[in-house]
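J.: Going by our numbering, the residue at position 163 of the sequence shown is 163; the numbering climbs one at a time, nothing skipped.
I should point out that these hints are in silico values taken from the structure, not numbers from a laboratory.
Incorrect hints may appear among the rest.
Pairs of lysine to any residue, SDA-like flavour, derived with a Cα cap of 20 Å [stated by the list, open to error]:
no., residue 1, residue 2
1, Lys130, Asn177
2, Lys359, Val285
3, Lys62, Ala259
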Amino acid sequence: MRILSRRRMRNILGVLFVIITVAIAIRCIVQFQMNKEINYYRKYFRTQKDKLIGIYNPLEIKQIPEETIDSLYNKRIMDLQGTGETIDWSKFAYVNYVTDATYLCNTLIMFDDLRNKYGTKAKLVLLVSKDLLEEGGFDDVERNRALLDKIKLLDENQVVVKLVDNIIKPKDFTPWNQSLTKLLVFNETDYERIIYLDNDALIKNNLDELFFLPAYINFAAPLTYWFLSDHDMTKAYKEIKHENKVSTSLLPYVKKLEARIRNNKMIYNHLPSLPNSLFMGSNNVAQEILDSTSSASPLFNFRSNKKVSKVKFASNLMVIKPSAELFDKIVTELLPLVIDEKEKYDMDLINEELYNLKKLIYYQFDLFRRLKTKFVPDVLVLPFARYGLLSGSIRNKDQHNIIVNDILGYKRLDQTGAAIEKELRHSVQDAKYVHFSDYPIGKPWNYQSMDELECKVTGKHTKNAEENTQICQLWHSIYETYMVEHNICVA
């Protein structure tokens, strides 16, 4: 009996070995064929992109430079002036959400700046928790109502206040347990396109140009650049220059894109691509694609890539085309995946389920292979220096170089190939949205005066006292501006 059991065990192990060997062989063949296909299309789009109409590159995540965003906006304005038409601003909205009463003042500041200082005509929409207005709660209801009245009185037609129910993570007692409420912005279908803004930030100009990104783009946001190291960027530059065989200078892209916009030609294939090394775990794109989704058979998935993407979308500023269909998917399919998971919040759902960079490549290429002309991209990466600068980056010298070169993998070079020098003060001056993030320093409304805020320059090479003083002056200016504007809430 024992001998029979051993023989049976050997047979079972033999069968398993054959199955595993066949599965590995199949996967290797699939990867080999897919890599051949990928290399073919990479060369195809690199050499033929000037001639293509209505065919989009599915193998890349595209970044859009600020100059290109401005060119699109200016072209739209010029075209309308030529026809005598005007922009219907009621189709566009800036959106905040508030579930914590201490953030109501920030919306008042932000909406006042957008309307009165920077002149936007787009709608200003606040999604505010019903709980903040309910008697018997922990909040000062009268103060909350007074602030809401001030927000509405900025302009009764332009400002829209909507009461919403919170989306709360059960048994989560962190400050972010209601952050999933942010996902309600995807359902703002009264508007053709919205710009969602976390309101713990300083607005330094209107962002109206973002409403006029290409019509096929459903989602655009800056990336979490603060996770990147010098080594990551060196690798990214090398990938663009040597592996992709294209220039790392941003200037030729900007000039080409400007000309194509002027001549009403498609621009997507000419946008700079996000280096794969920043969001993939290896150089084997086919392997990464197969590993990126459960749609690839588990039989093939012998390699579990634990490498985390170095960058992902930040969720403090997002340009969104609201969709009832997408919001229904969020509520019925995606929220249940994170609602009970520890340390899973809005940014995690957006990056793991909605707009996972690696999965995007898989789904894009899968559709393109089956129906080439049916694939249309719907995601773009925004330049973070203008639209996603962290206040903490101002005093972190290690991040100053990347702020200047915020189209990742590309450098701002002049026509001779020399680096374009840009002082930090000019980068801060050009930033339109600065998010208050200075751990362990708290949010600015937690302090009574600037005397309570100590600026400490971090990073390498911090011994230059004069330079450190200039950096701290810039950093202080951001907080000082907020503290002055905060007076609107107590006036």
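J.: State for each hint whether it applies.
T.: Quick rundown of the hints versus the structure:
1. With a CA separation close to 16 Å, the supplied pair Lys130 and Asn177 stays within the 20 Å bound.
2. Restraint check: the Cα-Cα separation between Lys359 and Val285 comes to about 12 Å, which is no more than 20 Å; the hinted pair holds.
3. Restraint check for Lys62 and Ala259: satisfied, since their Cα atoms lie roughly 18 Å apart, inside the 20 Å limit.
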